[in-house]
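Order-wise, the sequence lines are chains F and Z.
Each step along the first sequence adds one to the number in the numbering used here, with nothing skipped, and position 238 is 238.
If you want the numbering used here, it's the position in the second sequence, counting the first as 1, plus 1000.
The reader is advised that the hints may include incorrect statements.
[Stated by the list, open to error] A few chain F residues that don't get close to chain Z, going by computed Cβ distances all over 12 Å:
1. ARG98
2. ASN247
3. ALA285
[As the list claims (entries may be wrong)] No more than 25 Å apart at the CA atoms, straight line, and that leaves these computed lysine-lysine pairs for BS3-like:
4. F/LYS131 to Z/LYS1003
5. F/LYS112 to F/LYS144
6. F/LYS226 to F/LYS81
7. F/LYS149 to Z/LYS1011
8. Z/LYS1003 to F/LYS112
9. Z/LYS1011 to F/LYS144
10. F/LYS90 to Z/LYS1045
11. F/LYS167 to F/LYS199
12. Z/LYS1045 to F/LYS131
13. F/LYS90 to F/LYS197
14. F/LYS81 to F/LYS131
15. F/LYS167 to Z/LYS1003
16. F/LYS226 to F/LYS197
17. F/LYS90 to F/LYS131
18. F/LYS112 to Z/LYS1011
19. F/LYS144 to Z/LYS1003
20. F/LYS167 to F/LYS112
21. F/LYS224 to F/LYS33
Because the hints were derived from the structure by calculation, they are not lab data.
Cβ atoms here follow ideal geometry from the backbone N, Cα and C, with glycine treated the same way.
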Amino acid sequence: MSNDSASASHEQQLPPAVIVEGLVKSYYFGRIKALDGVDLRVEDGDVFALIGPNGAGKTTLMGCMLALLRTNRGRIRIFGKAPDHIDVRKVTGFLPERPSFESWMNATQFLKFHQMLAGRSNDATAEADIKHALESVELENVSKRQISKYSRGMLQRLGLAQVIIGKPRICFLDEPTSGMDPPGMDMVRNVLTQFRKQKVTVIVNSHHLDEIERVCTRFAFIRKGKMETQESISNIHSKMMIARWANGLTPDADVLKTAMEECGVTLADVTDEHCKIVLNGRQNASNVIQSLVRNNISIEEIFFDRRGLSDLFKVAKTNDARRVEDTMDDEKR
Amino acid sequence: MNKAIFLFTMKRYLHWVNLLVGGVALTISVLLWGLALCVDSAVTKELVRSCLFGPMVAIVVSYTVISPQVANSQRRKDGEYLSLIFSRPISRWSYVVTKWLTGSVFVLAIMALQTTLSLAAAYILSVMWRGHPQNIVDGYAITDAILNAFGVTALVVFIASMPQRIAVFVFILYAYAVLFLTLLVGTASFVSLSLDHVSKTVTAFGQMLYSIFIVGMDSYHVINASDFPVASAVIYLSNIALYLTLATLIMSYREFFYAND
């Protein structure tokens, strides 16, 4: 066997970074289902985003993957091991959404504490690592200030430094840009880019969709405790099209609806200037154009949209509204 | 035992705010015990001995220092952020044992400091009054201090491992249980002078319960017994093991996360 084929087969044998199968997590003796049969697969080196509306179950899912929450049913494996396995903990970094760290320490003491907890304090570069972590999050000038005097954004930065200090192989970041100013958001993006370069698996939970689209490789859309979509960011880009009306002539709503139904795609948004169409696949693009022409809808231009994720939210919202309307109609009948 | 938790917990105990508050309490108690030691009476001597080396001081000190550390997660500003700590390679057992050892060492240090300062205060006051301070430090006292520190701290770690509201409730229940048992054993022992067979049973039963609630050993027996008191030692050590195991089970069962708070 050649070296290439040997390494290829070795890569094939490596377990994925995260596998979640049929995960159920409920509260109040099963009355509230936070997660309902969630399946997830994150490959090693992915920068993976968990997106969805508030209360969808993203944070709960993260808590289960960190083994800080107990699951009711289902199976979680991190690098092929149980999430509370000490080997998994050794390579895990976690940034909580609500950073209320030990307020009596200063940043250097806090990082030293977490370096020791992570078992990294005996590294030859331990001191330099603390300095590097502080520099990465731009806190080197306030490293001796007591944490209780930190602002929300500074706490978030410190939380990120605490992740870096453990030299993780997998990180769970819950709303990393929460409370950050624009330079802080740039800093988070840089850290995520660094992780991506170092092949660190990152699972990030955020509402900043534009940031996610910039740095993440794949995403999962979760809603009401159920996984709705799991795919690559590039895929979602190629799935959203914008058709701009020629000379501002907005077509009749029924005609447009018929045209969309003919080619089996979903209409996400309609304005006086354009409409947004969600495709099942890139190959559907020609069918959409043919259908629009067949129905005499004049278009000036049609192109793939870059802002796919935010529209995914809109589609979800529209579908929800439709479901509510359908239910109300059913009740009236 | 986890070195990081031990070092940083100790550092937190020695934080200047804690030293300031603790220093005031210590000064008041030292003056009180120093004054009491100047009085030439067996009663005051026993009282000061039990206050300096008895289980109560161990309970008060260990509950004060351990409770905000173990029982709370992210909600208390001065507490530890347990969801973050437990995302690191540290087992719940290791955490509990470290808290127990740190608390015990700290309780012993407080006992030693309080005794030394009380004796110094007693000496200064007796010089002023031209009296003689009573010496209360001997082998029994030191043995009592060590046994109480490690025993009671295990119990406190167990109580503090519960969620805060439950811990407070359990702690009050515990205080009443100890009070009841003390009264039971005391009354039964007194009555046993006349009603031997009934009260001896009650006394023995009460003492058995007492040995569970107050994790300690009689230092007089430890030092003076012709043979080492194996049964007492087994009860003492098994109680410590029981409370630490229960604390670990509670900590393992609890969810330290903010989702659905």
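Review point. Under the criterion that the straight-line Cα-Cα distance not exceed 25 Å, is the pair Z/LYS1003, F/LYS112 satisfied?
Key: 12 Å, holds
Practice item. Verify the proposed pairing of F/LYS167 with Z/LYS1003, using a straight-line Cα cut of 25 Å. Key: Measuring from Cα to Cα gives roughly 19 Å; hence the hint holds.
Review point. Hey, F/LYS90 versus Z/LYS1045, does the alpha-carbon distance stay inside 25 Å?
Key: Violated. F/LYS90 to Z/LYS1045 sits at ~53 Å, over the 25 Å cutoff.
Review point. Given the proposed pairing of F/LYS226 with F/LYS81, does the C-alpha separation stay at or below 25 Å?
Key: Within the cut-off at roughly 24 Å; holds.
**Study point:** Distance restraint between F/LYS112 and F/LYS144, which requires alpha-carbon spacing of 25 Å or less
**Key:** Satisfied, since the Cα-Cα distance of roughly 12 Å is no more than 25 Å.
Exercise for review: Please settle this one: F/ARG98 was flagged as non-interface, so is its CB more than 12 Å from every CB on chain Z?
Suggested key: The assertion about F/ARG98 is violated, with a minimum of 5 Å to chain Z.
Practice item. Mind checking the alpha carbons of F/LYS167 and F/LYS112 for me, to see if they're no more than 25 Å apart? Key: Given that 25 Å is the threshold and the Cα spacing comes to 13 Å, the pair holds.
Check your understanding: Taking only the CA atoms, is the gap from F/LYS226 to F/LYS197 under or equal to 25 Å?
Key -> Not satisfied, since the Cα-Cα distance of roughly 31 Å exceeds 25 Å.
Exercise for review: Measure nothing beyond the straight line between the CA atoms of F/LYS149 and Z/LYS1011; if it is 25 Å or shorter, mark the hint as holding.
Suggested key: This hinted pair holds, its Cα atoms lying about 19 Å apart.
Check your understanding: Are the Cα atoms of Z/LYS1011 and F/LYS144 separated by 25 Å or less?
Key -> 16 Å, holds
Practice item. Compare the distance between the alpha carbons of Z/LYS1045 and F/LYS131 with 25 Å, and conclude whether the hinted pair is satisfied. Key: The hint is violated at about 56 Å.
Review point. Does the alpha-carbon distance linking F/LYS81 and F/LYS131 stay inside the 25 Å limit?
Key: 32 Å, violated
When the structure is compared with the earlier hints, violations turn up for hints 1, 10, 12, 14 and 16 and for no others.
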